[in-house]
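Chemist: Between the sequences and the hints, there should be enough to build the whole structure, so can you do that?
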Amino acid sequence: MTEATIPVTAIGTTGVSRFAGILKSLRRSPAGFIGFVLVALLVLISAIGPFFTPDVAPNVKEILLPAGTPGHLLGTDNEGKDVLIQMISGGRTVIFVGFVAAAISTTIAIVLGSLAAYLGGWVDSVVVTLADVFLTVPQIVLLAVLGAFFKLDSPVLLALLVGGLSWPVLTRAVRAQVFSLKEREFVEAARLLDLGTPRVVFVEILPNMASFILMNFMIGVTNAIYQLVGLYLLGLAPLTGSNWGIMLNRAWIAGAIFNDNSLAWILSPIVAIILLLLGLVMMTRSLEEILNPRLRDR
Amino acid sequence: MTATETAPQDRVDGSTPLMTLAAVSQVFDTKAGPIRAVDKIDLSVNPGEVLCLVGESGSGKTTAARMAAGLARPTDGKVEFAGNDIWSMNRHDFGSFRRSVQYVHQDPYASLNPTRTIQQTITAPLLKHGVVKGNKAAADKAAELLTKVDLTPPENYLPKFPHQLSGGQRQRVAVARALTLDPKLIIADESTSMLDVSIRISVLAMLGRLRDDLGVGFLFITHDLAIAKYFGWHGKTAVMYLGRIVEFGPTPKIINAPTHPYTRALIDAIPEPDPDLTKTKGRQSLRSLEIPSLAHLPSGCSFHPRCPLFEDGLCDGEVPELVEIRSGQSAACHVVARDGAGEVRPDEPVA
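Chain order of the listed sequences is A and B.
Take the first sequence: its position 112, counted from the start at 1, is 112 in full-length UniProt numbering, and no numbers get skipped.
Take the second sequence: its position 75, counted from the start at 1, is 75 in full-length UniProt numbering, and no numbers get skipped.
Please keep in mind that the hints were generated in silico from the structure rather than gathered at the bench.
It should be emphasised that the depicted structure is a prediction, and the values quoted were computed from it without experimental measurement.
Cut-off 30 Å, straight-line C-alpha distance, at most; resulting in silico cross-link-like pairs (BS3-like, lysine-lysine):
| hint | chain 1 | residue 1 | chain 2 | residue 2 |
| --- | --- | --- | --- | --- |
| 1 | A | Lys-182 | B | Lys-128 |
| 2 | A | Lys-182 | B | Lys-40 |
| 3 | B | Lys-31 | A | Lys-182 |
Modeler: Right, here's the structure in full:
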């Protein structure tokens, strides 16, 4: 943006250059770029892969084939179902629940944390007390109890549960950040211009902590995925359908670790989860550059 | 002006001061005990007038300014805008007071949001308060404001982020932002002190033009008497020391014929460009160079431990009142109030 020829109101132009800028920033950090590619690949495979793979059916003639068997690249499980196909179709729920749960908890944390810090007074007391109460509840135990009483078979319900329980830590972090940001002079200037509380908080203050929030969102995704997989591994959620968590549970129950042929069966979901989480964590490196205008155009 | 803004400032005329601080105090409670940052000061600014507030660090200038802007609530006394106490206003009137009084901060690196472009920063208040309708009109108005503060051509600056501008350019943007809502009073808190000397004079000249062209009142805060002299020559100056006003009067009189020993010391401290003049310049010597702590103010006149006119028993007893010494010029000093200001110092003529 150097010349006067760029029309001030041409939103389209700036939108395109913004997008190009994001791509440029992504490429700058190799680790961040690898992370981005990893996550994009896994999301893409999980999202559209199932449309191109045949349905898996139990097949008693092909039980526990080892990896590398022609036609079954990663072997088969104890029911004779192809592991690779299960892998491809098993990411959807995990990724969906991870992102939706993180989106829920991050949204709650941003709204409650920033309003508590900015408004102070009784709003702050209520939010902090509420966060403390939620923090003292052991999440996995609560989920276990809930799993015993309710049928946690809908991904949306799972996401709501995981997200609704994991907001307190980020809420307190956001609150602490807003406490320091709200004393900054540009916030004071916005108040003097009578821009209104919602605007001051969500337009003036929050963008200054965008990279902080996004990184915490990514951490939220990883935590939610861990919780979900843990829930399945412990058998606390119904084992209907197929996803990485359920694969892991079934392989574990079937004693797959004791059989050389079924090594790929139990390792595949683990590797998929590790690659996804690794990708997410590495990706956050580039996000800082994208969201900070100081770093963006250097 | 928008239709939403009515009440207080419409009543502004020549007779009502725009902004009045009446016996305003600000006491901060700290672990070391209460700190009287500002102690019962009276100030008023008339529409279109310049009032300079001069004093060293810790004299309470900024605290006074923040109370005038409604950013801090005084612990005692009243802040009035167009005759109305701002802290007993209803929401609507307080909003219009907010928009009529704008503040230009000292540090142009901290006063602009680093994540917003200049256009976003300037158009936000315009759109929020309906000064203009639509993005196109807002962009045009923003360009007009940037031209007013000498950032030309404005198209070069609108899409930029603050970090792409220099300190002087940022301070101009901050002034343009302060002008968005057609304020009646601009509080400039050391607005030029962080700028390079060469930039400072052009920013001051720009502010002076706004003062003359737009008829905006200024509460101009500075630690530098030379800047007060340059900017506020046709206005008034109040000299603050440890939270109190020690001398008040028209700027030319304060600069050329100060009566309070503290003001005199400040003027004497200005170095002369001619070394011979500096050597021969009549200079009163302070008894101490140490500034007392605000937590433990000296009894009586807080300047007495340093004052060359100190008289035992007189100065350390009562706090001196601000009394008129010459026409329009008042000082808070027991000795000067009793003996008069003496003859005008021969080296500088009275303006």
